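**Student:** Given next are the chains, with one letter for each unit.
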Amino acid sequence: MSMVLTAVILMAVFGAVLGAVIGIFARYFRVESDARVELVTELLPNANCGGCGKAGCADFAKAVVAGELPPGGCPVSSRETVSAIARALGIEAGEVESKVAVVLCSGDDASTREKVLYNGVNDCVSASLVAGGPKNCAYGCLGFSSCARACPFGAIEMVNSLAVVHSELCVGCGKCVDVCPRHLIKLVPANAEVNVYCSSPAKGVEKKAYCASGCIGCRKCGKAAEGKFVFNGFCASVDYNAAELPGSDVVEKSNCPSGCLRTRQGHLEKEYAERDGVTK
Amino acid sequence: MSETEKTISMPDANALLVSVSPHIHDKTGITEIMLKVMIALTPGLVAGIYYFGWRALWVTLSCMGGCVLAEALWCLLVKKPVWRTLKDCSALVTGMLLGMNLSAGVPLWICLIGSFIAIWIAKQFFGGLGHNPFNPALVARVALLLAFPGIMTTWVPTRFMNEENFSYTFEFFSPEDLEKGLAKKSFDGITCSTPLSIVSTMEKIPGKGHLAADRTSRQDNVQMWTCFIYGDKPGCLGETSGIALILGGLLLLYWRLINWRIPIFYIGTVVVLTGIIRYFAPGYTPSPMFHVFTGGLLLGAIFMATDMVTSPMTSMGCVVFGIGCGVITSCIRIFGNYPEGVSFAILLMNSLVPLIDRFCAKRPFGYVKARRKEEKKSC
Amino acid sequence: MSFGKFKVFSFSGGIHPRFDGKNLAASEAVKPAPLLEKYVLYLSQNVGKMPKLIVKTGDEVKKGQLVAGADGFVSANLHAPTSGKIGAVKNIPGANGTLTPALEIIADGKDEWGELLPALDWRTADPKVLLERVRACGIVGMGGAAFPSHVKLSPPPEKKIDTLIINGAECEPYLCADHRLMLENPEKVLIGTAICGRILGVKNMLIGVESNKKDAIAKLNEKAAEYGIKVVKLRVRYPQGAEKQLIYALTGRKVPAGGLPMETGCVVQNAGSAAAIADAVCEGKPLIERITTVSGEAVAHPGNYLVRIGTPVAKLIEWAGGEKCKTGKIVLGGPMMGFALHSPEVALSKNSSGVLLFPLKGICQYTSAGCLRCGKCVKVCPMNLIPSILASAVESGKYDLAAQNHIADCMECGSCAYVCPAERPLVQHIRRGKAELRKNKGK
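Protein chains in written order, with our numbering: chain E, 1 to 280; chain G, 1 to 379; chain Z, 1 to 443.
By construction, these hints were calculated from the structure, which means they are not laboratory data. Bear in mind that the values here come from a model prediction, so they are computed numbers and not experimental data. Be aware that a few hints might be false.
[Claimed, not checked] Derived BS3-like pairs: lysine-lysine, alpha-carbon spacing no greater than 25 Å straight-line:
1. Z:K398 x E:K54
2. E:K203 x E:K253
3. G:K362 x Z:K434
4. Z:K254 x G:K362
5. Z:K203 x Z:K230
6. Z:K254 x Z:K434
7. Z:K254 x G:K27
8. Z:K379 x G:K36
9. Z:K85 x Z:K56
10. Z:K62 x Z:K31
11. Z:K398 x E:K175
Start from the sequences, fold in the hints, and give me the full structure.
**Tutor:** Structure, rendered in structure tokens:
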């Protein structure tokens, strides 16, 4: 009986002391947390992709509550989510231009020649450290799918050792932009239908020697859509800062001789067709 | 261009291989290492076959076969290339070690179960060769020991034992013990006890127990020592012959496949610890030499603890690892309920390997001790 | 520290291949290379800043004329290897495959020297004048790193230098360019050493040679005492010629991590550079040619050639009789640290000590197998690192962990990858880790 009593008393005292300690801690070491931050975090997709420029969704929520960023700053959230957040906080949703990533290269296995056989780590940064990568083009896609692995949304697919973006899956978080050692991936406005799928400023003749679809710098596209293209060396590029982006009709109008001026859909279709052609 | 120049064959620029440096390799691959380990294990196995008959070979072969089967099945299940995984022969080594860790009398289905435990649970679940924190063969042995204690602790006598000469194996016990039938009773022609298991069932009274009178320290007890060193004693089929195992160990050392620090410090620690206990409390444990040549200490110290995957990589780490194994083994053998502690000791130390490696890493070239102290001060 | 006759000096770790390939070309005397019609000079032939081009397409140049001037202190002059016309100046893939500016020199066949700098008497000339000569002649470390020699020879005044070490170890397998140099021209190496010693004001001058070059040691020893130089036998062990390991082997001093050799009071120069310095001072010749080994199992007639900087690798292979079996890999430099070439059209630089052809059959190939944790790499690492942990940390993207394990101290000697039984590309992982860490640091 006395044993039971001792135990009960001991436990009671123990409990009381611990409770007091917890109480003190809760009182003096409290971390002020804003209920609104939690609310916003819950509404967000919580993919922690970092597309907004913050470390993660919780960080973004803090910034939104603090008024540093508009709710629309999250590139992943749907319009409904954004307006839900805005409503919850009683602020403006804010329009943020939605972007998609494009890999500006069309040098797949069918169109480029490999200069050497590469033996090493299956990763773009590693490969670029060995003889400048296995493909002849010093600017093109290396084809070791580092970007595809980095994409948290599975929007990048390797077709014929060329990275292609499925824009309907891409949210424009920009993770792939950082990992590409060739800096081929650009975030472009979502309505940029037409792109020049080549980034090499090398001379057209040189490029022709090793790549069937490299831009030769003929400037036909620039003539077809005045002022909508810029030229860097022998490489054309859509002027994404221009007031108006070229429409998909430019592709037909300019009749690009190397075929690297493509619509996003056209690019995908062409690459798939080339892959299937190769496998056949 | 002259005629000779035309015939010069130049390298094909389109078929050049590029890789990072270095461009030459030692050419000692995993397969070679594994085959060499198997060669080093062979003397022990041959001794086992010699003492326990062909049954020992069948047990080992079924373990090896079981391991290969388990590995192949796993590769099929997870769609890995079967041949490329089997090619490294690591499954064969695991099977051989497992077989040598079983009694020659175990039913063959035990081998099969053990093989699957070793390959699936202890190796492939962790990610395959190189990722397993524990020695697969030992995991299997311990799992079998816990699951089938009856089968796993039933030992068969060697071919040369019979009712008459059985006693010499146990001459380290006092004649009174034998008269009492303590040791003899366990021999019925089919099963018997190992020296260690007899020791563990004995009364342990410092200065007074049966062990106090053991005769292992007698120099003239040649017959007993020969049967110990050559291996004419019951136990796991691969662990009995000390001399064969040491021969294998020397081979491994010659090929530089194991770090000498692990077996030396392991065995050394056991000798020192049991020696101390023996000196101060003679009735508590048999002599150090008895500990070295009975049970799985030699097999464990030379082949299991030195397993590349599960032993430390740093030299200092190997010393710590060996000493740790020795301490745990001695504790289990002297104080524990189990007669044998090698498997448990190695598995326990296996779990500490990442930690050991972390704290025993050499100071990189050019780092001075003084700097470390400064760092500490600044902290 | 005693320099006993039989004592052989070394360091901990390292490897020695069972077949080191030295016998393929070690007994071949150095042959002068014929004049070519075209040479390709990469502008970037030294560590540090790329020199500035001072000629343009169409200019006539004489042999030994300056074509690119040093841009800043850590940079080296570049001279024309022969007389002729400057051809195209453009970006072409260099030895490591990345685009690098280069100029072509179309030879006129006359091979006329331009105005040479006056010869100096090194025993009496002012050390400052000697140093300026080394700088003017564009001399760099010819063993591999291509660090400008004049920078090494002008330590800041607060650093007291008491030992000069000439690196004649040539620990890389297959290569024997320095071996032949020390054997055929020991005097030049010794004079170069003495000049360096005078520039630094150092009495203790050592030449470290691996003990497998007994003939070269004997040759050097004949005259070494005259110049007050000691020739020290080193253990045959790669990477004996690595600066930090060499200093440790010879003096027992350890270069602090991340520090420069001069912090231990030592300056290390390559034997080839020493000979080039002797040429520059005694004859006024700039660095336009070097000895290069052509070797490997796939080359028909391995040999050593006195070649001009800017010679395409293909020409060297041609002189050596081409390939005798199908070539799988062409390596510029040593087999342990050299570059695998993407094309035989790459030209030699000041630091190209060898061209190696490896047969396609039996070529070493890296695999993606997992680490065995065997610890072989730990045993051989001369820097006492744990390469397997570094590599797997980089592989899983844990660059911080790699940094904690001193990835920055790795000198990429390749010993770990050489012994790895799983044939993992350890050096590539480590190199990538360093690149990523540099990138993160820049952010």
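**Student:** For each hint, tell me whether it holds in the structure or not.
**Tutor:** Okay, the hints, checked on the actual structure:
Taking the CA atoms of Z:K398 and E:K54, the gap is about 21 Å. The hint holds against a cut of 25 Å. A hinted pair counts as satisfied when its Cα atoms are at most 25 Å apart, and E:K203 with E:K253 qualifies at roughly 24 Å. For the proposed pair G:K362 and Z:K434, the alpha carbon gap of about 21 Å is at most 25 Å, so the pair holds. Taking the CA atoms of Z:K254 and G:K362, the gap is near 15 Å; set against the 25 Å cutoff, the hint holds.
Restraint check for Z:K203 and Z:K230: the C-alpha separation of about 11 Å stays at or below 25 Å, so the hint holds. For the hint pairing Z:K254 with Z:K434, the CA-to-CA distance comes to about 23 Å; that is within 25 Å, so the pair holds. For a cut-off of 25 Å, the pair hint linking Z:K254 to G:K27 is broken: about 32 Å separates their Cα positions. Under the criterion of a C-alpha separation no larger than 25 Å, the hint pairing Z:K379 with G:K36 is consistent with the structure, at around 20 Å.
Proximity of Z:K85 to Z:K56 is assessed by CA-CA distance (about 10 Å); at most 25 Å being required, the pair is judged to hold. The suggested pairing of Z:K62 with Z:K31 holds, with an alpha-carbon distance near 24 Å, which does not exceed 25 Å. Among the hinted pairs, Z:K398 with E:K175 is consistent with the structure: their alpha-carbon atoms are about 17 Å apart, no more than 25 Å.
Going through the hint list in order, the structure does not satisfy hint 7, though it satisfies all others.
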